[in-house]
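Trainee: Each chain, letter by letter, is given below.
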Amino acid sequence: MKKYLYLLPAIILLSGCWDQNLLKDVQLVYTVGWDQNEDGSVTSTALAPPIDQTVEHVNRLTIEGNTLRDARYNMDVYVAEHIDFAKLQAGIVGIDMARDKLYPFLDVLYRNPKNHLNARIAMTNTSAAELLSSKIDSQRNQSEYFSGLLESSELTSVVPNISLQRACTILFDPGTDLYLPYITYEKDMLRAKVSGIGLFSKQKYTDVYLNEDQSVIFNILNNETSTIVTLTKRITDGKEPEVSNWVSVNIEKSKTDIKIKENPFRAEITLKADITISEYGPDHLQSEKKLNEFKAFWEKELKKDIDEILEITQEVESDVLGIGKRTAAFKPAYWDEERWHDIYRDMEITSKVSVKMIGTGIID
Amino acid sequence: MNEKNEISGWQLFFLIVQTQIGVGALSMPADISIESGHDAWISLVIAGVLMQILILFYFWMMTTAGDMSYFDITKKAFGKIAGRCLIALYSIYFIYVVIVSNISFIKVISEWIYMDTPRWVLMILFLLPAVYLVRGHVSTIARFSMLVSFFLPILVFILLFVYTQPEFLYLLPVGGEGIENILKGLRPALFALLGFEAFLYFSSYVKKDRKKELKKATYATLFVFIFYLFLIITTQVFFYVDEIKIIPYPVLYIMKALSFVIVDRVDLLFLTFWMVIAATSLMNYLFISSQAVRDVFLLKDHSNAVVIIALLVLFISSIPTTKTDVKEWTNVLLYLSVVFTIFLPFITFILFRLRRRIEK
Amino acid sequence: MNEKSGKSFRKMQYIRECQSLDELIEQLSFHMGNTQDLVTVKVQFADKESVIIYLESTTDTNQLEKTFEWLTNVYWASDEPTETLRIAQVERGQTLDDTAKKILLGDTYLFSMEQGSWITYKIGSPLVLQRAIQEPKNEQIVRGAHAGFNENIITNLYQVRSRLKSPHLVIRYFTIGELSQTKCALLYLDHVANPMIIEEITMRLQSINTDVSFSIGTIEEYIEDDNFSPFPQLLNTERPDRVVGNLAEGRFALLLDGSPTSLIAPVNFFAFYQSPDDYNGRFMVGTFYRLLRIASFLIALLLPAIYIAIISFHFEIIPQDITLPTKRAIEDIPYPPLFEALLLELTIELIREAGIRLPNPIGQTIGIVGGLVIGDAVVNAGFISNIMIIVVALTAISSFVVPSVEMNTTVRILRFPFMILASLFGFFGVAIGLIILTIHLIRLESMCTPYLSPFAPFHLTAVKDMFLRFPAWNQTQRPADAMPINKKRHGKNRWWKHERKK
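Chains as they are written, first to last, in this note's numbering: chain A, 1 to 364; chain B, 1 to 360; chain C, 1 to 502.
Okay, chain A solo, but in the shape it has when bound (with noise of 0.2 Å):
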């Protein structure tokens, strides 16, 4: 029994061995940004918070490397500590690397078990280590700044929540084609701006982007909005003030439903949306003529959005409603993945909407 007393220090002094992983020994990576370079090698480019809280800027490293892998141990030279990336907050897919298929590259987040899956994606217009690099104007520090920009564009309905897990269940699925936010710089605000989704096709970015308002039918139509989805749009012409001219709704409840239809082959898609007026200069709405005359107005003007975007995505090839889910689901026959985007592209689509007026906010 006492020569295993000896043991118990022994075991305490060991500890530290093997798997341990201090928090204090990592430099937490929350937003990263890959670029693809012409050679075919990536560009990684992490930004990790400050540690000292009276510090401003955050650490910037942008490395090459072979793959995203290669990129990432190549960072492990550069720091005092060891580069984590389970703290992932947002990655950005630089413009370059959109073009080209995006799984592979993914690939490396999806397989270590390290990472967590949370963590927002989206695209930018630029390489990504430009975006990083530039100067932004925010209360918060530039590795958090991202993240909190596309989620605060979330709230508005203006994206989807894209997280990492979300974007390879797509990138995975052949009967769906993959979205994910766009992001651009503005030089004169010194901030970057989520100025729509950007449309792929077979894992390939398209070069085609659907801008903000969009984006919000667009949400809609996927039944992907959040709790604040408001629409603008000119009803009138030459009212004073000028901004008499415009009405705001807030869509309270929608749902899109998509069913895929034989003879001929067809989808026809159906809005049902209950909205409210939330800004209208003129205003007395109490009438039921005029609520009907905004009834109509709003079908139409839906109707001619959704059908833009349908075209836009039937052009560019890009499945992003997952029309080609449901067909695989419900009319197999018809279902054919080698030229599914062929199909997609020829199909005809047609498009409903009824809108309920359920209110007109707190005045008339």
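Everything labelled a hint here was simulated from the structure, so no lab data went into it.
Errors might be hidden in some of the hints.
[What the hints assert, rightly or not] DSBU-like mimics (lysine-lysine), calculated; alpha carbons at most 35 Å apart, straight line:
hint, chain 1, residue 1, chain 2, residue 2
1, A, Lys202, B, Lys327
2, A, Lys204, B, Lys323
3, A, Lys295, A, Lys239
4, A, Lys261, B, Lys216
5, A, Lys101, B, Lys216
6, C, Lys327, B, Lys211
7, A, Lys114, B, Lys323
8, C, Lys492, B, Lys216
9, B, Lys300, B, Lys360
10, A, Lys261, A, Lys295
11, A, Lys187, C, Lys327
12, A, Lys233, A, Lys259
13, B, Lys245, A, Lys101
14, C, Lys122, B, Lys211
[Claimed, not checked] If you want the ones that stay clear, here's a sample from chain C, every Cβ over 12 Å from chain A, calculated:
hint, residue
15, Asn73
16, Val170
17, Asn408
Predicted model only: the values in this text are computed from it and were never measured.
Beta carbons: idealized from backbone N, C-alpha and C, even for Gly.
We have chain A already, so just place chains B and C on it with the hints.
Mentor: Coordinates of chains B and C only, in the frame set by chain A:
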């Protein structure tokens, strides 16, 4: 004072549940989906029905045989010497089961969290509590199984978060993978449900009110079946089926993607809970194998056998090191289990009936 | 003793062998080891030369004086020997040894010689000095009875009897200790308690072979099931109401003379987390505090281990928003987390140990100095992170929530192995530790009944009282863990509620 070698019907229920639910449940959705794609749940349903029929057969068998243990029945059916040889085979089989469940669990945690810790350290840690428990009476094992079962509702609760954004379309079209694939998926599905044979070995400890109490225990398989169905459907509405095929532990991946305000990365916590559940399965098998060894060598009690078996398991478990090794070992078990859980009980029982008739 | 010189001394066995008063005194004195507190007073009693013998240390002399006076008066009046509660005439065949033992217990003997034979009176006048009935300091409650046991077994038995006036209450005496001859009482209700358990404890009590038994803690070790378990298997209490409550559930209680503590068994783990206060308040409040106490057990046991596991193995688990503050807090700590935690835990244990035996005001000062000054200084010096201070302080508070002192020490000791396991293997180690602990609790028995009772084996009816606290009228069954032979506690209550509805 209280009978320590006696368990109640509900305790038997939990013993079977905990023997069935082991590490396999983590990889089960992936294993079945590889064969039968998005119709994996159909394979599971068919396997579940088959298994339910089997356990009803077991039930009938154990009630007609009176309160003899399964090994006693074997001895009676094959005669003393042949019977003992057969039990020796059984004990080797169950030691093999313990080894496989040991290495497959060690594989999960050494892939997921403990990449650098030597495998033998993890194995010792894993086997230590098992030996401590199994050296005791069957009633303590039953109590432990029951206590551990409280973890299952937690798992179900966490997985319910998947249903905030489920994609039921991934389950459609029903039967789209074709009958052949569905039948192919039957094999891994049956393998996942393995462990129901615990009924044979534990039921002799139920002493009071046998018929009524044993009937309760047959619901155990139904319970596990429904639980697995929930798991498989949850993973299928969360992942696209091709994704399930490449990720080995879909349940853990779901957890990894969930995030709560107080805890990030639920999977790490969950794996800790799951470790307890996996350990219980191993303990129950260890107990069965020690019983078999006891009957072969006609030992007075099983507690020394447990230590020797555990040491054996520890040494043999360090042989397979690579992923493919583990897979191969598991595949061997698949074929062995058909022999030991379906064929042998059938033959034993027929012989047993014949002998009885002759004796009369 | 000088006069004895020349004569040879011979040890005698019976009183009747003594020929004279002096010889008797000499013999008795010898049988009591020539102790100097033996008082012998020669008096005239009933016209005869008599001697009163008693031990001044165990005799109430005032009482003796009065009784003796009364005895003399009665004798003058009636000329007959009397016997009362206090006064008894002793048989002739008594041995000197017996007499000496009785004197040791506090009796006084009056010997007088009449016609060559001895007439002996025994006058009972034992000195009883006892503490008043006070509220026990370590089991204070807010509402309910504030009475507690004291060091006198008769008073203690009185307190139990007066709360349980049932013919079923059985008290059986045992004498424990070769030297101390301490009286021990076993209490149980014979129509509820399981006779097998009573037989078991009787056997265990009879098998005790010890010299002195000065406190009940010493006999606990002789009779408990497993000495090597860190968990107490008998419940200590100084509260008669708690004893009565447990007796009514079919358990037994042990009382030892000279010890204000009573031992209750068979008990289960959750009994240590109950307080009489639970029953005096509303049942929802009682349930809440019970659950809180169970939670405190888990916190006290696991919090430091989990914290160590997280910051040294699984920091991924820390939520997004507090990762950075945590990292900032521990960034410059030179020690590994285990060492950091041990340092602080040991400091707290030191403070507790230092404060516990000091007079109250000094004890408080130590607490303040230790807690505030060391805590603050150690963080400022950068040895220990402030999060560790939070963790350890929370743990310390949680460990003191346990209403039972023994369980409190158990929990405090048990968390060290968990911390070591956590620092070696992270969550895996903690889980292994927990499994082993659970198995140990399942295997442990208190008087041959399962220790983790309402959970393993599972009894739904017992959960109602052991784990939660349902309203009293709802608990119609006694908890099954003590295996009572009479399960029904009471009949239907509150029937008027349904009557009125009609």
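Trainee: Determine for every hint whether it applies to the structure shown.
Mentor: Here is what the structure says about each hint:
Note on Lys202/A and Lys327/B: the hinted pairing holds, with a Cα-Cα distance of about 34 Å set against a maximum of 35 Å. Restraint check: the Cα-Cα separation between Lys204/A and Lys323/B comes to about 33 Å, which is no more than 35 Å; the hinted pair holds. With a C-alpha separation of about 20 Å, the suggested pairing of Lys295/A with Lys239/A holds against the 35 Å cut-off. For the suggested pair Lys261/A and Lys216/B, the alpha carbons sit about 49 Å apart, so the restraint of at most 35 Å is broken.
Between the alpha carbons of Lys101/A and Lys216/B the distance comes to roughly 55 Å, so the proposed pair goes past 35 Å and is violated. Restraint check: the Cα-Cα separation between Lys327/C and Lys211/B comes to about 60 Å, which exceeds 35 Å; the hinted pair is violated. With a C-alpha separation of about 19 Å, the suggested pairing of Lys114/A with Lys323/B holds against the 35 Å cut-off. With a C-alpha separation of about 31 Å, the suggested pair Lys492/C and Lys216/B falls inside the 35 Å cut-off, and the hint holds.
Between Lys300/B and Lys360/B, the direct Cα distance comes to roughly 32 Å. Compliance with the 35 Å bound is thereby established for this hinted pair. Of the pairs offered as hints, the one joining Lys261/A and Lys295/A holds, with about 28 Å between alpha carbons and a cut-off of 35 Å not exceeded. Of the supplied pair hints, the one linking Lys187/A and Lys327/C holds, its CA atoms being roughly 34 Å apart against a limit of 35 Å. Our distance criterion of 35 Å between C-alpha atoms is met by Lys233/A and Lys259/A, whose separation comes to about 28 Å.
Between the alpha carbons of Lys245/B and Lys101/A the distance comes to roughly 20 Å, so the proposed pair stays at or under 35 Å and holds. A distance of roughly 70 Å separates the Cα atoms of Lys122/C and Lys211/B; the hinted pair therefore is violated under the 35 Å criterion. Once the 12 Å rule is applied to beta carbons, Asn73/C is consistent with being away from chain A; the minimum gap is 72 Å. At roughly 44 Å from the closest C-beta of chain A, the C-beta of Val170/C stays outside 12 Å, upholding its exclusion from the interface.
Residue-level check passed: Asn408/C sits 25 Å from the nearest beta carbon of chain A, beyond 12 Å.
Comparing the model with each earlier hint shows violations of hints 4, 5, 6, 14; every other hint is respected.
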